[in-house]
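Kindly produce the complete structure, drawing on both the sequences and the hints.
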Amino acid sequence: MSSTPTYSVGEVGSMTGLSPHTIRAWERRHDALQPTRSSTGQRQYSAEDVDFLIRVKQLTRARGLSLKLAVMEARGVMPVSETVTDASDDEPAAGDGPGGTWRAVADLLPYLMVLLDSRGRIVDANIPVARAVGRLRRELQGVRFVELVEPHDRAKAAKIYRAPLQQRRGWEVNVKTRSARGLFSFDCWPIRRGDGWLVACIGRDLNGAGLEFWPADEGAP
Amino acid sequence: MGRAVTRTGGVRVRDFVHILRKGDKGQAAAFVQEVFAQTGSRVALFADLIHPAQYEIGDLWYRGEIGIADEHRATAIVEEITSALPPTPAQGRLPRGRCILAAVGAEQHVVGLRLVAAALEDDGWTVTMLGGRTPGAELVEMVRKRRPKFVGLSAAYLPRSDSIKTTIGELKRLRVRVLVGGPAFNRNLSLWTKVGADGHGADVRVAVALARIAAA
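Protein chains in written order, with the working numbering: chain A, 181 to 401; chain B, 2 to 217.
The set of hints was computed from the structure by calculation and includes no laboratory data. Computed from a predicted structure; not experimentally measured. Beta carbons: idealized from backbone N, C-alpha and C, even for Gly. Be careful, since some hints might not be right.
To be verified - Some chain A residues flagged as far from chain B (calculated, every beta-carbon gap over 12 Å):
id: 1; residue: His-210
id: 2; residue: Arg-217
id: 3; residue: Phe-232
id: 4; residue: Trp-282
id: 5; residue: Ala-305
id: 6; residue: Gly-322
id: 7; residue: Arg-324
id: 8; residue: Arg-334
id: 9; residue: Ala-335
id: 10; residue: Asn-354
id: 11; residue: Ser-365
Unchecked claim - Quick look at which bits of chain A chain B covers, simulated, 3 or more residues with Cβ under 8 Å:
id: 12; stretch: 192-206
id: 13; stretch: 221-230
id: 14; stretch: 309-315
Unchecked claim - Facing chain A, from chain B, some residues (calculated, C-beta under 7 Å):
id: 15; residue: Val-14
id: 16; residue: Arg-15
id: 17; residue: Phe-37
id: 18; residue: Ala-48
id: 19; residue: Pro-53
id: 20; residue: Glu-57
id: 21; residue: Gly-65
id: 22; residue: Leu-190
id: 23; residue: Ala-203
id: 24; residue: Asp-204
id: 25; residue: Arg-206
id: 26; residue: Val-207
id: 27; residue: Ala-210
Following this line, the structure appears as C-alpha cells:
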C-alpha cells in the first residue's frame, strides 16, 4: 500500500456500500467527486474520495439531507439546519436566517461568547460556553452569569453588566469549567436593544491550551 | 415508527437516532434486529446503521443539542445490542491471517474498535483485541512476537498526535501495515497520513476492504 493509494470504482463500491452506478451519478451531480484517470481511462479514487462518499451517505441517511446539502456539509460548508430535532426543541436551528448563520459562526470560534441582559442573565451563549461549563445551551438561557463564575470572582463578574455600563477589555474572570483551570479574559461591549441594553462578552482562554473541542476527561464520543 | 429498511434497501438511520435519543433500548433492539434480518450481515449493519447513528449522536453532543449523559446512554445501548449479535461469516471467506486491534495511550473508547473486530472476524481474520489504554511499547512487543498482517489503531480524541505517530513509526519498522480509525481521524481526514498510517478506515466496511488490500 503506497502513501497515496487509489481505488477503482469497484473497490470504492465495496468500501462504501454504494453501487458503481450511484458513485458515478453522485460524481456527475454537484461535482461531488473528481477522480483522476488511469492510463487506460479508468476512474481512480483517492482515500479522501472514499471518506467523502461515506460522509455524504451518512448525512443523507442520518439527517435526511438532500444530496446537494449533504455534499455541501461534507465539504465543510457552513452547517445546515436540517438536523434531527425533537418537536420540543424550541431553539432556533443554527442555520435559520442571518442571525442563525452568525450564531453558527460563533459556535465555531474557540471563544466563550455570551449575551447578558441588564440583570446579568444569559440571553444567549455559543456552544463553547455550554461545553466549557457542562450544560446544554438551551439550559443556559436565563441563568445568571455569576453562577458560572468561581465565588471569589463573582463581584468582579457582576461589574460587567451593572450600571454604569461600560466597555471592558481584558476582564479576567475564573469560570467554573469542568477542567481544573478556568481563567478567561473577557472583552465586553454594551449593545443597545430596543429600550434596553445587552452586554456582549467574548472570553479568551488564558490557560494556554486553548478551548478543547473534545475534552479528554469527558468521554468524547 | 415505520419499517427500518426502505423498499430500495436504504436503512432509516434517522429513525434509529431518534430512538437512541429517547433511550428506548427495547425499540432500539427491535430496530437493529429488523435491519440485521434484512441484511444478514454484521458488516452491513454496522456500516449502514450503527456507525452513522453513532456519528450523528456524537455530532449532536458536539453541537450542544444533547448532553454527555445522553451520548453515553446511546453508546451503552448500541454496545449492549451489538455485542449480542451472532457472527455472520462472509460466504466463501478464506482464512486471512492475524491482526491486532488496540487503542493506545490514554485512549479508552473502544466501542467502534469492537465493531471492527467483529466485522474482521466475519471476514475471516483472527483478531487479537487489546482494547483501550494499551501501552504503545507493549503493543510493539506483541506485534514483534505475533507478526500480524496488520495492526488497527483507534482514537476518539487526540490532543497530541506525537504519541500515536511514534507508535506507528515503531510498528512500521517491523514491516507491519497500520490502519487507523475512530472519530479523531474522521474529524480530521488528513490526520492518518500525518501520523504515518497506511490507511484510514472511515467505517467498518472500509476497514474490512483496506484489511484485505493490506493482506494482499
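Against the structure, the hints:
1. His-210: Given a closest Cβ separation of 19 Å, the condition holds.
2. Arg-217: holds, 21 Å
3. Phe-232: The claim breaks: Phe-232 (chain A) does not keep its Cβ more than 12 Å from every Cβ of chain B (closest is about 8 Å).
4. Trp-282: holds, 16 Å
5. Ala-305: violated, 9 Å
6. Gly-322: Non-interface label stands for Gly-322 (chain A): nearest chain B Cβ at 16 Å, farther than 12 Å.
7. Arg-324: The claim holds: Arg-324 (chain A) sits with its nearest Cβ about 20 Å from chain B, beyond 12 Å.
8. Arg-334: holds, 25 Å
9. Ala-335: holds, 29 Å
10. Asn-354: For Asn-354 (chain A), whose nearest Cβ neighbour in chain B is about 22 Å away, the distance exceeds 12 Å, so it holds.
11. Ser-365: holds, 22 Å
12. 192-206: holds (count 4)
13. 221-230: Satisfied; 3 residues make the cut.
14. 309-315: Coverage by chain B holds for the stretch 309-315 of chain A (4 residues, Cβ < 8 Å).
15. Val-14: Nearest chain A Cβ about 4 Å off; hint holds.
16. Arg-15: With a minimum Cβ separation of about 5 Å from chain A (threshold 7 Å), the hint on Arg-15 (chain B) holds.
17. Phe-37: With a closest approach of 15 Å, the Phe-37 (chain B) hint is violated.
18. Ala-48: holds, 6 Å
19. Pro-53: holds, 4 Å
20. Glu-57: Constraint on Glu-57 (chain B) satisfied, holds at 4 Å.
21. Gly-65: Since chain A brings a Cβ to about 4 Å from Gly-65 (chain B), closer than 7 Å, the hint holds.
22. Leu-190: holds, 5 Å
23. Ala-203: holds, 5 Å
24. Asp-204: With Cβ-Cβ at 6 Å, under 7 Å, it holds.
25. Arg-206: holds, 6 Å
26. Val-207: At 4 Å from the nearest chain A Cβ, Val-207 (chain B) passes the 7 Å test, so the hint holds.
27. Ala-210: holds, 4 Å
Checked against the numbered hints above, the structure breaks hints 3, 5 and 17 and satisfies the rest.
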